[in-house]
Amino acid sequence: MTDIAVHLLVLILLPPFLLGVINKTKAFFAGRKGPPLLQTYRDIAKLLRKGMVISGTTTWIFRAGPLVTLAAVAMAGLLVPFGASPAIIAFQGDLVLFAYLFGLARFFTTSAALDTGSSFEGMGSAREATFAVLTEPALFFAFLALARMSGSLSLVNMLRVPAMGLAAGTTAPLVLIAIGLFIILLAETCRIPVDDPNTHLELTMIHEAMVLDHSGPLLGAITYSASLKLFIIGSVLVDIVAPWKTGNPLMDWPIFAGELVVLAAVIGVVESVMARLRMNRVPYLLVSAILLCGSAFILLVR
Amino acid sequence: MLSIELTMAGIVVVAASGFLALLPIRGEGGQRLAAAVLVAGSGLGLAGAIGAFAAPMPPALDYYWLLPWGSFSVSIDPLSAFFLCPVFVVPALGSIYGLGYFTRKEEGRKAGKLAVFYGLLAASMGLVVIARDAVLFLVAWEVMALAAWFAAAIDDDRPEVRKSGWIYLIATHVGTLCLFAMFALWRATTGSFALSPLASAGGAATALFVLALVGFGFKAGFMPLHVWLPGAHANAPSHVSAVMSGVMLKMGIYGIVRMTGLLAAIEPWMGSTLLVVGLVSGIAGIAFATGQKDLKRVLAYSSIENIGIIGMGLGLALLGRATGRPVWTVLGLGGALLHVWNHSLFKSLLFFDAGSIMHATGTRDIEALGGLGKKMPFTAAAFVLGAVAISGLPPLNGFAGEWLLYLGFFDTLVPGGPRGIEAAAAAAGGLAMIGAIAVACFVRLLGAVFQGEPRDPGRVAKAHDPGLAMKLPMVMLAAACLVIGFFPGLAAPALEAATTAWLPVGSMVPHIAELAPQAWIGWLGLALAAVVALLALGMRLHPRAEKAPRRGTWDCGYAAPTSRMEYTATSFGQSVVRLFSFVLWPSRREPRIEGPFPPESRFSARVPDPVLDRALRPLFKSSRRWSSMVRVMQQGQTQLYILYILIIAIVLLAAGGTGVPR
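Protein chains in written order, with my numbering: chain R, 1 to 302; chain G, 1 to 662.
None of these hints come from the bench; they were simulated from the model. A few of these clues could be false.
Cut-off 25 Å, straight-line C-alpha distance, at most; resulting in silico cross-link-like pairs (SDA-like, lysine to any residue) [as the list claims (entries may be wrong)]:
no. : chain 1 : residue 1 : chain 2 : residue 2
1   : G       : LYS293    : R       : LYS50
2   : G       : LYS547    : R       : TRP244
3   : R       : LYS50     : G       : LYS471
4   : G       : LYS547    : R       : SER215
5   : G       : LYS471    : G       : LYS547
Where chain R lies over chain G, by a calculated footprint (3+ residues, C-beta under 8 Å) [what the hints assert, rightly or not]:
no. : region
6   : 173 to 185
7   : 372 to 382
8   : 517 to 527
9   : 543 to 552
Because the structure is a prediction, the values reported are computed rather than measured. In this text, a Cβ means the ideal position worked out from N, Cα and C, and glycines have one as well.
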């Protein structure tokens, strides 16, 4: 019971902090002081209080988009184990629901963007929709490999495999999956080298271009969903890369939070040392995610 | 047991219904009478189908039959009953829709003509599903094919309709030829035309399976046998497109399911063949859909994708049967069958939606639309629901079906299966890719048609939502999508019964509920809807959000944005089309831009069908050139032609002679 409460609390409260960590890391590399770690919370709080300006071109889909996205992503967060808590909801086949909830979020984010009739937003949503064509199969190949290792179709059990220690047959696939998932994470959360979260206007942007016309509480919901998505996919990755558990909840929760902060810092480092790929190069990166996860699958079933 | 009598009566009433539209009643009376009778007949038939589900033994009947071969024997086992449901539901809703869409006032005498063939089409599909004799089956099949031809080519004053009609007619008859060969082989193997389970087909099993796959594959629209499908669906009246896509394609699926059910020995290669065919149709179908500019062509190509998904499920079921894994069978066949129902619901909804758009704007070209969402809020909302459902997203019915398939594919990973079977699990990755392209395809369609500013303001200004007759069927289909999405467990008994009927007598079928906790899907779907409602309420209560001022879309400060600056559907599709250019072979005409003041130039991009436009058309053109050499024998005198026949007959006689005395 306490685990469920902590799970929900962590899911609701921690995500914006990760964005703060990323920005702090990037500021450190750039030799700046950077915004405070808690800046994202302030931004969201400010946005929630503000009014909105809505384009006269839009329909209800524009307003529904961020809300459905938020609900779908949050629901996906109930299916993933965090720290000392197994997932709040776990059943045979929940991994498919997990992936498809992100699909639902994408449907509404991209169609809300098209609702404005702006070229920028059209371009962003076309790219978002196209790149998912490559990340989705990569994600499923990773799931196939994990399902093979665990003999289970529930995320909770699948993500328990790495914690059971590295057997000779599973080390290589796990490493491959971890790299593949990291690429998926960068693509899904619109980070460099796939997308640059700092620029709105260049013709090369994806996520930020899609949300140009959203303002006020809706923009707050979008920012929050983005951090939530980072947090959820990040925790899947952390469960694979660093499945350290002591069995004591008082230790496990801080370890889990610390790992996620490290992951955010790593993303910050990647963003600092890499340039964004040219848009027509991004599919190659994503195909390599399919190759990595697919190879892990083949190694396991050969 | 009255159920089979009820269904037969329903089929007869439905077949006769259309002729009532020819009665000399003034105004729309005849058409209304025909629709009412068709709905009543469908009600009878549906009641019979539901009764047959509950029957302990499949009800069967034999009628008097005039032909020298075969017999008029019909029966409804749960598999037939399962396919009877869409056969009776979709045409009935379509006939109500037709009252608003294809009226005598607007279409004149065509309305009565269409009603006749529409009724015959619906009735013949019912007969196809319950026929237990090869000859009867073929008669019903041919009536279906021809009725669909007359109904789809009803606007035969337009040349493109005639052209697509001919392509359909040729394709369907090539398919039927394969079926003739298959049933002839069946007769030779079993000694009768009766369609009853085969103890052992021996070497004929391979040929029977291949002929069934090709013959029924033409009707179902598997790639590359789909050539007739996009044109015929695009040019038919929308409620006929809905029946063709939602139900008639499924007759091809039914044929494959039925024939594989009758074969005694299923071999693994049959399953893997169907799995690969399904996967190719799925990915290529939806990728083609993303490149189309014709609203109904997009939907038609997406039907190919959905048929592909169904084929993948059937492939898994066959693999399960070949290797003795009932779990794969029940999840594969169950998922495929549930998708049969689901596709008949959401695809009909989308075709009705497309019909409303055409009715309101007079065009199918999505590049001429845009901004319809404000003018047609009901149509837009129905489209969003249909699009989410067809993309297989939770919480609607498309997800419930695909989820079973995913579970089946993942189950092939369980250690201990036959060697190499894990390759089937990789199909889950393919299914994920299909799902992602479907999202891109339908977001693109939604954006191009309903969102942004009108690209052709003249067309869109007058647009409005359709009347009650067209709305009501859409509401019912949308409700069905919601019910199956939120309560997927409701369909499980029907799926299990149909699977049991497909397997050899005495096979045990595991319960779907034990393999797939469908209740969770429903509960989480409801929870998701509740959270969205709460968030929407929060926005409603927000003190400042409600008073949000309306301004123009932000455009970098440019003062006079026009709809010509919008991202077009073609541009949106380009990024996906480019990813799949190795199968799509898109054609682009790109001007070279040179110098500081380049002259005016044009850019165009389109995705023609490679099989039809790049292979078959050139092939037929060159074959016409070669065969025109025979024209020298053409004299225009009948006597001479009969002389040719006589000469050939004598030559044949000589060639057949062996010189041995009789």
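Taking the hints in turn, this is what the structure says about them:
Under the criterion of a C-alpha separation no larger than 25 Å, the hint pairing LYS293/G with LYS50/R is inconsistent with the structure, at around 41 Å. In summary, the hint linking LYS547/G to TRP244/R is not supported, as the alpha carbons are separated by about 50 Å, beyond the 25 Å threshold. Restraint check for LYS50/R and LYS471/G: the C-alpha separation of about 39 Å exceeds 25 Å, so the hint is violated. Distance hint between LYS547/G and SER215/R is fulfilled; the C-alpha atoms sit about 13 Å from each other, no more than 25 Å.
Simply put, LYS471/G and LYS547/G have alpha-carbon atoms about 32 Å apart, too far for the 25 Å limit, and the pair is violated. Check result for the region 173 to 185 of chain G against chain R: violated, 0 residues qualifying (beta carbon to beta carbon below 8 Å, three or more required). With 4 residues having a beta carbon nearer than 8 Å to a beta carbon of chain R, the region 372 to 382 of chain G meets the requirement of three or more and the stated coverage holds. For a cut-off of 8 Å, the count of residues in the region 517 to 527 of chain G with a CB near a CB of chain R stands at 5, and the three-residue condition holds.
Coverage of the region 543 to 552 of chain G by chain R holds in this model, with 8 residues showing a Cβ closer than 8 Å to a Cβ of that chain against a need of three.
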